[in-house]
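Novice: The residues making up each chain are set out below.
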Amino acid sequence: MAELSYREAVARGIAQEMRRDPSLVMLGEDIAGAGGVFKTTVGLLEEFGPLRVRDTPISEQAILGAAMGAAMTGIPVIAEIMFSDFLAVCWDIVANEMAKSRYMSGGQVSVPVVIRTHNGGGSRFGAQHSQSVENWCMMIPGLKVVAPSNSTDVVGLMAASIRDPDPVVFFEHKSLLATKTEVPDGELVDTLGRANVVRAGTDCTIAALALMVPRALEAAERLATQGISAEVIDVRSLVPLDTRTLLGSVGKTGHLYTVEENPRLCGWGAEIASIVADEAFWDLDGPVVRITTPHIPLPAAEALEDMAIPSVDRIVETVAATLT
Amino acid sequence: MSTEAFDPQLLNYANRPPRLPSAVDESKGELDIPTETRVEMYELQQVLRQFEKRAYDLFLQNLVKGTSHLSLGMEAVATGFGRAMRTDDYTFATYRGHAHTLARGAPLGPVMAELLGRENGILKGKGGSMHLTSVEHGMMGSYAIIGAHLCIANGAAWSAQMRGTEQAAVAFFGDGTTNIGAFHEALNFAAVWDLPVVFVCENNLYMEYTPIDFVSAVPNPAADRAPAYGLESIVVDGNDADAVYQVASDSLARARRGEGPSLIEAITYRHGGHSRADPGKYRPAGEVEAWLDRDPIPMYHQRLLKLGVPEARLSAIQQEVAGRVEEATEFAKAGRHPGEELLFADVWADGGAAWRN
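So the protein lines, in turn, are chains A and B.
Residues in the first sequence are numbered consecutively from 1, following the working numbering.
Residues in the second sequence are numbered consecutively from 1001, following the working numbering.
Hints are computed from structural coordinates only; laboratory data are not their basis.
Just so you know, even glycine gets a beta-carbon here, dropped at the ideal spot from N, CA and C.
Some hints here could point you the wrong way.
[As the list claims (entries may be wrong)] Chain A stretches covered by chain B per the calculated footprint, using a threshold of three residues with CB under 8 Å from any CB of chain B: (1) 64-74; (2) 92-104.
[Said to hold, decoys possible] Some but not every residue of chain A turned toward chain B, in silico, with C-beta under 7 Å: (3) 15; (4) 61; (5) 108; (6) 240; (7) 300.
Could you build all of it, start to finish, from the sequences and the hints given here?
Specialist: Structure below.
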């Protein structure tokens, strides 16, 4: 057991899998010589060499195209898109090609690619370098979508994503990169499509993802002092989605809150709210409440960005005010 | 700009001067290509021509739904490359991909059945005309949004480079593709990584309904861009299978030697419109007729006769191909419409479509 930062966990997860599978390669902008602009790939060039860890031009379509073409001809690939906002530049290859090739080809084509990308706000980067775009990916059939909240999950879910034969978009949260948690030694391999109950409670369920998980946990601590017992679920994987864990928790607590960093419309919480309304309506003792970033582009100024993204205060106030 | 002064006839491209084909380069008949290879190329052109004509007939009978983009008139490009490629090379094509799929040896019946949306289609009816793929024949897919597949072909070439197999990837695309960003990203990337990939622009003079020279900064939309990526400008007569075969052989050999990518512009012409919905009325008087006179197949027929192949052999090939196309049609028509189990099949590698537990 050692304390590991989220950014070190990214490199550890990749290194674990590159040691296991000598055919696995990675490419992206500034990932090799520089160790990544977020320093998430430090040490990989030194260990695995320039043929397996490759710097590319600023050409997101060329990066993901190369990843796809190699993957469909027998070489699994990890591709980095520096900021998740840049997925818009190469969205054709993500949404139209990688996601659909297996289906369109009647099962002939397999695309074992992991697209790693740095997601989320809190860095004061403004509207084009701060977005949470996991819902863009969630709505495309054929993509798996993962967003870990802590170092242990980063390692285990990275391994699971790499070993998955389908395209996976792996969101690394920029504001979690420096956070540290104890990570078990040895090989870690997690499971896609499994949510974790990270705090048990009886009065309400708070479902959160990535940076919103530590905020939901802190909110739950404070709610406890007000006599409210909140259960916190780290959703971890949007596709596949662990609805069993979510429905089980709501069945117990009768109240559901989602805490979403994405702008309001079509956030992942809306899908969960819809599933709960369809399948657990009679378990509910009150309305499902979504706590989200408002439907606005993210502003750059510290004061404004902090108002936009769900905070611990907002979670506590919303739950306290609405729990009946 | 005042709209009153605007004369819509300025954008009636049929009023522009026709772009006429070059004369046949008879010296291509003297290239060192074995006669049997030439006969095979004749046969393949017959397959592509007769298949596409039949596909068109089946549209008219409303048996083919959706859209379709035929290669009628452009068969020599798919043929020259199809015969020059190794069986383990990779093909990437656009929505105009019937010819490139058949040129790699994919069976006619399942390809025809795919156009008809049948369960015995090569994609089980799930891809259709614009997405023909046959991985076992090295046909890695037809990509219906232009540009991406040049980048994807790079990946297959990169994979071959890493595996040390001396395989090459060939990406076919139209002239319109030269103006999309992915074309330029792919060329730079391939050049920087010395990838064994050949980019083949089938310049049929029209992006869709608009002449390519009307929307391009340079006269040869592919070849004139080659120097920007440190590549040689190569223009070939795309209506001469021998000329294409020669340039294909050279560029594939270069790729296998590890000398990197090539960009080839093959000048050709589609006899019909862009897709089944397009009557092609934007083409100037005399242009289609001039290109029909430069039809690659009668030209090749004459060349083979001159090279001593008997007429009887060529007409026997035509007849034999007609029989195969007939058989393929019957195979396709006999196929069942796909059932619901296929609707949910093959979203994921486990064969299913589940997104939740």
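Novice: Looking back at the hints listed earlier, which ones does the structure fail to meet?
Specialist: 3, 7
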